[in-house]
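Enquirer: Given next are the chains, with one letter for each unit.
There are 2 protein chains.
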Amino acid sequence: MTPRRDTNWWGWGDPAVTAALDDEALAVLRERIGDLEPWPLATGIEDFALPPAEPLPAALSEAVGVENVFTAKEHRLRHATGRGYADLARLRDGRLEAAPDAVVAPPDAAALRRAIEVCAAEGIAVVPFGGGTSVVGGVEPLRGAHPRLISLDLGALREVEVDPRSMTARLGAGLRGPEAEAALGEAGFTLGHFPQSFEYATIGGFAATRSAGQASSGYGRFDALVTALRLCAPAGDLETPETPHSAAGPALRELAIGSEGVLGAIPEVTVRVRPAPAVRRYEAWIAESFEAGGEIVRAMAQGAGLPDVVRVSDEEETRGSLALSGPRGLAGRAFAGYLGARRRRDGALIVIGLEGDEESVARRRALAVRALRAGGAAHLGQAAGRSWEHGRFHGPYLRDTLMGMGALVETLETAHTWSRLGELHAAVGAAIRGALDGQGTPGLVFCHLSHAYPDGASLYFTFIARGRRGAELEQWAAVKRAACEAIVAHGGTITHHHAVGRDHAPYMKAEVGETGLELLRAAKERLDPAGIMNPGKLLP
Amino acid sequence: MTPRRDTNWWGWGDPAVTAALDDEALAVLRERIGDLEPWPLATGIEDFALPPAEPLPAALSEAVGVENVFTAKEHRLRHATGRGYADLARLRDGRLEAAPDAVVAPPDAAALRRAIEVCAAEGIAVVPFGGGTSVVGGVEPLRGAHPRLISLDLGALREVEVDPRSMTARLGAGLRGPEAEAALGEAGFTLGHFPQSFEYATIGGFAATRSAGQASSGYGRFDALVTALRLCAPAGDLETPETPHSAAGPALRELAIGSEGVLGAIPEVTVRVRPAPAVRRYEAWIAESFEAGGEIVRAMAQGAGLPDVVRVSDEEETRGSLALSGPRGLAGRAFAGYLGARRRRDGALIVIGLEGDEESVARRRALAVRALRAGGAAHLGQAAGRSWEHGRFHGPYLRDTLMGMGALVETLETAHTWSRLGELHAAVGAAIRGALDGQGTPGLVFCHLSHAYPDGASLYFTFIARGRRGAELEQWAAVKRAACEAIVAHGGTITHHHAVGRDHAPYMKAEVGETGLELLRAAKERLDPAGIMNPGKLLP
Numbered sequence: 000m001t002p003r004r005d006t007n008w009w010g011w012g013d014p015a016v017t018a019a020l021d022d023e024a025l026a027v028l029r030e031r032i033g034d035l036e037p038w039p040l041a042t043g044i045e046d047f048a049l050p051p052a053e054p055l056p057a058a059l060s061e062a063v064g065v066e067n068v069f070t071a072k073e074h075r076l077r078h079a080t081g082r083g084y085a086d087l088a089r090l091r092d093g094r095l096e097a098a099p100d101a102v103v104a105p106p107d108a109a110a111l112r113r114a115i116e117v118c119a120a121e122g123i124a125v126v127p128f129g130g131g132t133s134v135v136g137g138v139e140p141l142r143g144a145h146p147r148l149i150s151l152d153l154g155a156l157r158e159v160e161v162d163p164r165s166m167t168a169r170l171g172a173g174l175r176g177p178e179a180e181a182a183l184g185e186a187g188f189t190l191g192h193f194p195q196s197f198e199y200a201t202i203g204g205f206a207a208t209r210s211a212g213q214a215s216s217g218y219g220r221f222d223a224l225v226t227a228l229r230l231c232a233p234a235g236d237l238e239t240p241e242t243p244h245s246a247a248g249p250a251l252r253e254l255a256i257g258s259e260g261v262l263g264a265i266p267e268v269t270v271r272v273r274p275a276p277a278v279r280r281y282e283a284w285i286a287e288s289f290e291a292g293g294e295i296v297r298a299m300a301q302g303a304g305l306p307d308v309v310r311v312s313d314e315e316e317t318r319g320s321l322a323l324s325g326p327r328g329l330a331g332r333a334f335a336g337y338l339g340a341r342r343r344r345d346g347a348l349i350v351i352g353l354e355g356d357e358e359s360v361a362r363r364r365a366l367a368v369r370a371l372r373a374g375g376a377a378h379l380g381q382a383a384g385r386s387w388e389h390g391r392f393h394g395p396y397l398r399d400t401l402m403g404m405g406a407l408v409e410t411l412e413t414a415h416t417w418s419r420l421g422e423l424h425a426a427v428g429a430a431i432r433g434a435l436d437g438q439g440t441p442g443l444v445f446c447h448l449s450h451a452y453p454d455g456a457s458l459y460f461t462f463i464a465r466g467r468r469g470a471e472l473e474q475w476a477a478v479k480r481a482a483c484e485a486i487v488a489h490g491g492t493i494t495h496h497h498a499v500g501r502d503h504a505p506y507m508k509a510e511v512g513e514t515g516l517e518l519l520r521a522a523k524e525r526l527d528p529a530g531i532m533n534p535g536k537l538l539p
Numbered sequence: 000m001t002p003r004r005d006t007n008w009w010g011w012g013d014p015a016v017t018a019a020l021d022d023e024a025l026a027v028l029r030e031r032i033g034d035l036e037p038w039p040l041a042t043g044i045e046d047f048a049l050p051p052a053e054p055l056p057a058a059l060s061e062a063v064g065v066e067n068v069f070t071a072k073e074h075r076l077r078h079a080t081g082r083g084y085a086d087l088a089r090l091r092d093g094r095l096e097a098a099p100d101a102v103v104a105p106p107d108a109a110a111l112r113r114a115i116e117v118c119a120a121e122g123i124a125v126v127p128f129g130g131g132t133s134v135v136g137g138v139e140p141l142r143g144a145h146p147r148l149i150s151l152d153l154g155a156l157r158e159v160e161v162d163p164r165s166m167t168a169r170l171g172a173g174l175r176g177p178e179a180e181a182a183l184g185e186a187g188f189t190l191g192h193f194p195q196s197f198e199y200a201t202i203g204g205f206a207a208t209r210s211a212g213q214a215s216s217g218y219g220r221f222d223a224l225v226t227a228l229r230l231c232a233p234a235g236d237l238e239t240p241e242t243p244h245s246a247a248g249p250a251l252r253e254l255a256i257g258s259e260g261v262l263g264a265i266p267e268v269t270v271r272v273r274p275a276p277a278v279r280r281y282e283a284w285i286a287e288s289f290e291a292g293g294e295i296v297r298a299m300a301q302g303a304g305l306p307d308v309v310r311v312s313d314e315e316e317t318r319g320s321l322a323l324s325g326p327r328g329l330a331g332r333a334f335a336g337y338l339g340a341r342r343r344r345d346g347a348l349i350v351i352g353l354e355g356d357e358e359s360v361a362r363r364r365a366l367a368v369r370a371l372r373a374g375g376a377a378h379l380g381q382a383a384g385r386s387w388e389h390g391r392f393h394g395p396y397l398r399d400t401l402m403g404m405g406a407l408v409e410t411l412e413t414a415h416t417w418s419r420l421g422e423l424h425a426a427v428g429a430a431i432r433g434a435l436d437g438q439g440t441p442g443l444v445f446c447h448l449s450h451a452y453p454d455g456a457s458l459y460f461t462f463i464a465r466g467r468r469g470a471e472l473e474q475w476a477a478v479k480r481a482a483c484e485a486i487v488a489h490g491g492t493i494t495h496h497h498a499v500g501r502d503h504a505p506y507m508k509a510e511v512g513e514t515g516l517e518l519l520r521a522a523k524e525r526l527d528p529a530g531i532m533n534p535g536k537l538l539p
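If you read the protein sequences in the order shown, they are chains A and B.
Each residue of the first sequence is one higher than the one before, starting from 0 at the first, in numbering that gives the first Met the number 0.
Each residue of the second sequence is one higher than the one before, starting from 0 at the first, in numbering that gives the first Met the number 0.
Calculated directly from the structure, the hints in this document are not laboratory data.
One should not assume that every hint holds.
[What the hints assert, rightly or not] Footprint (simulated), chain A over chain B, 3 or more residues, beta carbon under 8 Å:
| id | stretch |
| --- | --- |
| 1 | 201–212 |
| 2 | 258–272 |
| 3 | 452–465 |
| 4 | 492–500 |
| 5 | 507–514 |
| 6 | 525–538 |
Glycine included, each C-beta is placed from N, C-alpha and C at the ideal position.
Sequences and hints are given; from them, build the entire structure.
Expert: Set out below in structure tokens:
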């Protein structure tokens, strides 16, 4: 099957969609980060300079069918990067130093195995490719010691097999989020996994990166949804049992989840599904402060339970994102009304979302409202919540708009226990601000609590600053490094849901220690003795 | 610290406790399994024949302190077996072919590391020992290629450090269940982990065996309670991060949980805790059949949620266990009343337990009652539930009584998805019955659904038959093998919560496949290159 070409090759998603900022938002932005110098695309696909492709052995075409091997420039370019700021910057500038020699798209799991075996025998590096939405360099075509590299596109693996009685479904790795939801919806179910990349990311990618979605506080992170999976490794297939739980030794499933292609490719995943919700209720509240909002979420997580979606913006994000979305918007009006009534200028926006049947949404909402009121939050209404829901997958389009205007826009995330979350929030925010200042480009630094657990929560940072023209990657790397070092210094995880890829690999020793790295290396060497699988990712 | 000697050396738990069967129960038993020939203890500790101990190097005493190395017969004997039927049979007969050369009880984690390093350097096999309650040969002193073997008693590691804000606690591996609960209770918390072995099993053992408890349907299996742990391996310490979740690669924590001592010893575990419940409400219901009871539990698990405890006995267990506990008991009276009212002789006993504050117990009970009534179950009352609660840790004492009378008594467990659970129940029950018949000792075969999940449930089998005097172990092995083969043939897991140990190791290839075994071997070889850690367990 021909790999998909329906997305914007230099940016996010649907080429027909553009995110616009109104005059007021532009004024706020200019005031906070200074004048921007537009950053247009340097070239189209035709003139984009890619390194020449190395020839690949005939055995590879024989393994998957010659019609499933693609060497045209557009395919190579579309599989040469993910969708992080550093990727988009290079695409915008028309320069890539590396690209796959070919895109190989096996039509089924048997062909996938044959392809991996040929690559292992021939010493060809393999980068498994799902939606290509990594923001941490997860699909970067790094060859390691190998002279040749293919992008292994899993897009053709889209089978769906539902077990309605056990409420599980076996899903092909190549299904995008909406494709999986549509197929499950036909059987009356939902997976409930909605990361911001939902519209283009794939089931295999969710598993390989240990993904979390916007509704994961309720439905559970992707790792909690997976009951079994298959990992196609050069040394053989790992197939974990489809029993609800087992005490038969370590959970090997958990070694494949988050393995980011370095142990093998994941052709299929069996997941827990739930009845498709009859009701989705999103609403916004406002707490007196980020700290007060966090305490409300902690009370929910440690008490009567969390809504499906729960997020709390810090004061800076609350002010900033409302300003950028325009004070005339519904959320803006409600917020202004709240601040006027309270005679204050601060507050922390809370969005909660509940999904399910009418009775369960009502019951769980009553519990959530009790916690919100007990924590001093004020109701902003459903309109503001719906406004968030409406724009929930829209952020990456806005990033393209801001980059085109000449801005640096990046996000990063971490997590910690409740007792150390405040410290982590302050430290990482200060590190990002300091690094932006150090680049001579002071910026906006937003944060929200994005997922909650009984023992802690994740923090999601967004920062926007004037791009240093011609030095975008150095500027980005300096700020990213400062943020990562602050995370490590304060004991947070280097990533709560973006995964490791190339960008976080240097911090894995801090995360899992030398013994942890040795365990990962042992697994890699046993399953992939030739070291062909996704070189340069996950392991430092 | 001197290893504990407060338990019955030849059987279960408190030497002052004995379980008695009344005349009616004895009559039922005789009718069903035939006349029994009493099986007295062959000897006391003094005359128990153990193989001589190999001398150990001075470096070991220097590593942990000479006062922490024990070579007296009683200590060696107490660390030579677990508490499975095969263990108790050998103790009863006064014959053990293997015992540790010494019991080494490091006073702290640093001494534990030194002990393991000395053993790695000297090629001494190490069997980590917590509560010694394994029923699958998990602490069997198998030397592998090593001429010497120690039992590494973790009983001195009992530190408790509570983080009340994050609701987590770092617990030393050597804490028994009640010790951990007492320490947590002082801070207002509970761990909520109550396997039948609760009173004597330890925190480290729960982690090493991927334990599940009677209330795990609500509180979560032990693997779901663990947020972080330390694994002390010959090659180094693995310390997993204490963040609530992470996407930084595979979850290495899940490789240590269930590792059963073959990768290293676990000195401490960080777990999620909950507020100590103000209310514990246990009650019994009766469904028309085991199938109907299972459907009720499935509706709960896939709908509004499970009680903390939920178990459904099949018709045979319902009849049999009520008969054995005496029809004059509260449960027996309620059951008889139910059967009379319905004019039937069958039914499936359901026990549910709810724990928490008054409001949440009431709210969750209302949801449970709705599912029970919708599924056609009839209420038997709280007295019958309390009767189960009262005897919840009593089973192993009853086993000693039955063994003393000359009976074979064993339990085993598995799990599967809802769509294949009925098939598994029938097949395993038939295999056990058939194998008992084949031994010329037809028996009682009980089963209950013991833990439930949205996608499936576990089945817990108990069987009682006349022991074949002088051939107890052969008889036991034949029945166990038949049950395991039926489990494997029907795709169940070889163990839902008893772990692998020695007894289930031959079935690990069916469980995780050759690639799965290779992954486990790779981890073992990297962390324990000398192969000293718990030889002969987990891996076939």
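Enquirer: It remains to establish, for every hint, whether it holds in the given structure.
Expert: Cross-check of the supplied hints:
As drawn, the stretch 201–212 of chain B meets chain A at 4 residues by the rule of a beta-carbon pair under 8 Å; at three or more, the given contact holds. With 3 residues bearing a CB less than 8 Å from a CB of chain A, the stretch 258–272 of chain B meets the requirement of three and the coverage assertion stands. Only when three residues or more bring their CB closer than 8 Å to a CB of chain A does the claim for the stretch 452–465 of chain B stand; here the count is 6, and the claim holds. Given as covered by chain A, the stretch 492–500 of chain B passes the check, having 8 residues with a CB less than 8 Å from a CB of that chain where 3 are the minimum.
A count of 6 residues in the stretch 507–514 of chain B with a Cβ less than 8 Å from any Cβ of chain A is obtained; the coverage claim is therefore met, three being the minimum. By the rule of at least three residues with a Cβ nearer than 8 Å to a Cβ of chain A, the coverage given for the stretch 525–538 of chain B holds, with 3 such residues.
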